[in-house]
Structure formats: structure tokens, C-alpha cells
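J.: Using the sequences and the hints, build the whole thing.
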Amino acid sequence: MLKQATALAAIMTLAACSGTSTPAEETTAAAPDAQATETAGRTAGYNPDRNAYFGDLHIHTRSSFDAYIFNVRRTADDAYRFALGETIQHPSGFDMTIAGGPLDFYTVTDHAEYLGILPAMDTPGTKLSELPRAKDMFSTDPDKIVAAFQGVGASVRTGKPIEDMYDLDTINSVWLQNVAAADKYNQPGKFTTFAAYEFTSVTTPDENGGFGGGNLHRNVFFKGKAPVRAFSTLDSTNPEDLWDWMDAQREAGMEVISIPHNSNVSDGQMFRLETYNGEPMDTAYAEQRMRNEPLVEVTQVKGTSETHPDLSPNDEWANFEIYDQLLGAYVVGATNGSYVREAYRNGLKLQEEKGFDPFHFGLVAASDSHVAGGSYSEEDYWSKIGIVDGTPVARGSVPFPGTTGWADQPEDNPVVKNATNWFSRWSASGLTGVWAEENTREAIFDAFRRKETFATTGPRMKVRFFGGFGYDEAMLSSANLSHEAYEGGVPMGGDLVGTGEAPAFIAWAQRDPNGGTLQRLQVVKVTSDGEEVIDVACDNGTPDPSPRRCTDNGATVDMASCTPENEGASELKVLWTDPDFDPARRATYYVRVLENPSCRWSTWEALRNGTPPRPDVPETIQERAYTSPIWYIPGG
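Read in order, the letters of the sequence shown correspond to residues -2 to 633 in this note's numbering.
None of these hints come from the bench; they were simulated from the model. Don't take each hint at face value.
[Unchecked claim] Okay, the calculated beta carbon distance ranges per label pair:
1. Gly352 <-> Asn563: 48 to 56 Å
2. Gly352 <-> Thr548: 40 to 48 Å
3. Asn44 <-> Asn511: 16 to 24 Å
4. Pro185 <-> Pro398: 27 to 35 Å
5. Thr400 <-> Thr272: 46 to 54 Å
[To be verified] Quick list of in silico lysine-lysine cross-link-like pairs, DSS-like style, CA-CA up to 27 Å:
6. Lys124 <-> Lys157
7. Lys346 <-> Lys522
8. Lys570 <-> Lys459
9. Lys522 <-> Lys570
10. Lys141 <-> Lys414
11. Lys141 <-> Lys124
12. Lys157 <-> Lys132
13. Lys187 <-> Lys459
14. Lys522 <-> Lys351
15. Lys132 <-> Lys181
16. Lys157 <-> Lys141
17. Lys459 <-> Lys522
18. Lys222 <-> Lys187
Please read these numbers as outputs of a predicted model, since none were measured by experiment. All residues carry an ideal CB built from backbone N, CA and C; glycine is no exception.
T.: Okay, structure coming up:
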């Protein structure tokens, strides 16, 4: 297997992200009142004050060109069976079973570009299998494989189709197969799926039109009915053209959103302060972007996009799972324009100066697994691509065979090089949480629309965040806290219009019963000219008012066994008012909750191998969750 990984490692320097269907009819979830609860057709779990549901919104199968080339043979059916708790096989031959039990929702998002084409090229008897490019792609000559795959990558990035490979009949047929698989496994009240795909746009390609650019990928989701074809970068590499197409689908009765991901490797392009073509933004641009992209993926395998130490020097937790290499390259991308918190700040500034905000989005998380199943646990991690990162050696968590340790790794070996620059720096992440009345397409999609979502780095911790003007301490002990909070304010994702007084915020987190204990709740406040991270609840008492931090709880990890040595909280809940509140100024508030430290996946693998942990990555991490913001808007 290692020999195979070595032969294909060069491809990784080129890899990306690296009839009609009859789905359930669209409906709109009713308002949570007494009349709504009596409406026929509600599922057994219906709750007008909403339940927390967890899922993965970013999964690839054999139909993605950059999965099949790495020996992925699992289908959309396999992906949904995995999410429901069944065991499937990794391309490297071991079994994969989801950590923490079945998920509530799951979505296959294969790349629309050349969807299903590589499997067809590898199937004897098909017209595509007779192409010279197919014979090279699946030859035994690594140089021919790399050259053939490089051509596919260049086509995806430049938007120029390879004519003999661009078989629309095959692409559209496989798209409808994925739509049908989503419909097949969708079980209202039990398990939700969506017809979806990935739009694979990349900026700043190299001089040969190849790989190494800034990521502008989006995942596109349909609430119910889906079109007969997917709009891809082979139609246009401009995301604004994708939004035009989405607007047209919506006008045709097909509700749709897209979710950008990996802004951290966008080379500053995801949240740039001009349009794709370098023109000034305006109100129409901001409205179209927010209509089509109400959410952004803040953490996944290829790093976390919340913020960066250079952007948030006063945030002690900013240096978390930072990954900044451009796609398929050893080049570090630009920091400005690549992170969510900075985008919130710039959005407020644009709103104040020009009257529009193109970055008014909520937060989600996902795995971006290309092997049909996500690895959300640090203790049971298998990365994301296929055979090239399917072993601890290939991931760089244990030394290369034949060496004496970390000091003498063969730096020019492609397996070692890719592990050092990429795989060892990737993460066991993440999951999206939503607050919805029931586990159905309609209710969960509506939660996406109103941004009542939160992102976790893998654990299934539940987090709620409300803001209002009539909240008081007594609510924290009320059995009807959520109902009262909805009645008197807005949840995460909402706009809170000022009355002249300071709002109160309720932040509430519960640990994952199978995960670590909680250490602290934080409110992150962003204004147009600054930011502040404020500890608002601690596992060991009340935060120190200056510097607004919890005292050190002494939490450690026994590195000989990866056992946490201090217990934290199972629940943290607080009513908080901003001591520096300015009623005349816009502000963005969101919650971040941190667990006590635990072993990183690379440390777990080193421990099992009996070797020291890799020295250039953290030995421990603090798992966390992020809520969508509440935006304060001055009255009038």
C-alpha cells in the first residue's frame, strides 16, 4: 500500500479540494405556535422550541474525479449507509464505522465537474474507456497517470472542458443517480438527505493553467426538487454566475443555497472586497450573495477558517488547526480575505460606510471526506482522500519506515513531503449542528435559511445562543428557557434591532456525552474596527473581570495514555451583558465553547505505534464549537 501511495503522491500536488427525480414536495415549516403543533403531517419528534440535529454537509464518493483516482470505490448508497451506522471499507482495506453513532442528516456533494466520468473511463466497453487519456489515466506508468490527471485538473480550474471527456450524458445521468440516492435514504423524522453537489472554482492558477490556486469552492444544496443538471465550473468559474443560475432555479420552484468552504486556503479571495472580476461591490451584489450563500463552512479536515493568529493577536486560541497551503501546492496563501472573523469586521465596515454587508453569514462545519465516510474522532481518524493518506506513515503521524525517528526523514520522498506539508496538518473535523422543529428536509433547510446553525470540530456538543431586551437571570433555571428566549428575543443567526438599552445574551452549552468535558464559554464580539474574546462562563467559577478570562483550571492530559486528568463541566449556561455596549454602533456577537485539552489524532497514532508524537504539530487540542452570530443593529 505504501508503494501505491508513493506512486500516486505526485498526483496530490495536482489534486483539487482536494428522467427527473421525485423528492418530497417542498413545504415551509410553520411558526412554533399552538396551531402549528396541531398541523397534520408533523413527525413524532416535532418540537416547536426546536431540537439539535447533527450532520455532515460535505461528502464525496467514487463519482468525484479526485476520489476515484485515489482508489475510492464507495457509492452514494455506501455514504448514506455509513451515516446510518453501517460499516464500510476504506480504499486502504480497513473498516470505517462512524464515531458517536448515526447522524441525523448527511449529504453527498460530489464535484459536478466530470461527475462520474473517471469511473466510466475505467469501465471496459464504454466509449470513454477507449480514449487515449483513459488508457493513460489507468495505466501502470505513474508519469502517464500524473499527466492525464493533470489535464483534468487544469480543465476544472480554467473552466475549459476536455472535449472528448466532457460527456454530458454521463455527467447528467450520474447527477440524477445521486439525486435518486438522496431521495431513497431520506426518512422524514429519522434521517435527512439533500440533493447536492460541489462547484469547484479556483482562482490564481499557475502559468500553465494547472493547480496551486486559491479555493473558491461551494457546495450547492436543494431543499426538495432538484434540476436535471448541475451548474459547474465547466459552465463558468465565476461564483456570481452560479448565483445567477441558482436564482433561476429558485424562480422555477427549486429552493437552493450554496455554502463556501475552506476560505483559509482561498489566497485571500473568498472574502475579498471586490467582485470576482475586480469590480466594486454594491448593494445588489451583497443581496444576491446573501440570498444564495447564507452560511459558510468554518472548519473541516483541511483546517479551521474562524481566524488566524496574525489577524487576532489577542485571542489565545486563534492558533487552532491552522492550515494555509494553497490547494495541491506547497505555497502559503494570503491571510487577509481568508478568515471568517475578519470578514465579519469588514462586513460591518461596509454596512456603516456604504449601506450593505456581503458577509452576513452563519456558520456550519463538515468533513469533506472523499472516502464516503467522515472521521470525526481524534482517536479513530482516517483523513479524507484515499490510499495516499490511508495509513499513519502516509499521514506523517509516525516516522517513515527504515528511519531512526523524526530527525532523519527523507525530505525529498513524495510521501514524506506531502505528509509534512499537508496531511499531518489536517484535522479530524467537523459536524454541523442545527436547531430545527423536526428532522425533515423542510425544517432543517429552513434552519439553514435563518442561520440557526452551529459548527463543531467533531464532538456533538449542543450550543444555544439568544439575544433580547427582556431577559433576566431567572430564565436560566426555567424549564421553558428556550421557549421564553424565543418569545423575548432572537436566536443565533438573527438580527437584534436596538431599543436604546443594552441587550442581554443567553449562552448555553452541553457536552457531548461521548466527548470531553467543557472548560469555558466565550463571546466573540466584532465591530468595524476591532474584536474582543470574552470568557463568560467557566468550569471552575466566575471569569475574572479583568482581563475577562477564566482562571487556569489546571486541565492536563496523561501523554502516556492520552487520558484527560481533570474533569470539566457537563453544562455551562450564563446570562451576559456587554459591559462596553454602544447602542449607536453595530456589532456582531457569536459564541465559542471550548472543551478541556485532549490528544490530537496524530498523538493517538504515535502512541499506538510506540513512537514519539510528531514534533511540528500540537500534541493536544481543545475541541470546540462556534455558533452563528447575532447581529446587533441600532434602532432607527
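J.: Confirm or reject each hint.
T.: Structure-based check of each hint:
A C-beta distance of roughly 50 Å is found between Gly352 and Asn563, which places it inside the suggested range of 48 to 56 Å. Checking the proposed 40 to 48 Å range against Gly352 and Thr548 shows it holds: the Cβ atoms sit about 44 Å from each other. Remark: the range hint 16 to 24 Å for Asn44 to Asn511 is upheld by a beta-carbon distance near 23 Å. At about 50 Å, the beta-carbon gap between Pro185 and Pro398 misses the expected band of 27 to 35 Å.
The hint said 46 to 54 Å for the Cβ distance between Thr400 and Thr272, and at roughly 50 Å that hint holds. Restraint check for Lys124 and Lys157: satisfied, since their Cα atoms lie roughly 21 Å apart, inside the 27 Å limit. Restraint check for Lys346 and Lys522: the C-alpha separation of about 14 Å stays at or below 27 Å, so the hint holds. Restraint check for Lys570 and Lys459: the C-alpha separation of about 12 Å stays at or below 27 Å, so the hint holds.
Simply put, Lys522 and Lys570 have alpha-carbon atoms about 18 Å apart, close enough for the 27 Å limit, and the pair holds. This hinted pair checks out: Lys141 and Lys414 have alpha carbons roughly 21 Å apart, not beyond 27 Å. Using a Cα cut-off of 27 Å, the hinted pair Lys141 and Lys124 holds, with the two alpha carbons roughly 20 Å apart. About 22 Å separates the Cα atoms of Lys157 and Lys132, which keeps this hinted pair within 27 Å; it holds.
Restraint check for Lys187 and Lys459: satisfied, since their Cα atoms lie roughly 19 Å apart, inside the 27 Å limit. Pair hint Lys522 plus Lys351 holds up; C-alpha atoms about 22 Å apart against a cutoff of 27 Å. Distance check on the hinted pair: Lys132 and Lys181 sit about 35 Å apart at the alpha-carbon level, beyond 27 Å; violated. Proposed proximity of Lys157 and Lys141 is supported: the alpha carbons are some 21 Å apart, at most 27 Å.
For the hint pairing Lys459 with Lys522, the CA-to-CA distance comes to about 21 Å; that is within 27 Å, so the pair holds. Distance hint between Lys222 and Lys187 is fulfilled; the C-alpha atoms sit about 20 Å from each other, no more than 27 Å.
This entry does not satisfy hints 4, 15, going by the numbered hints stated previously.
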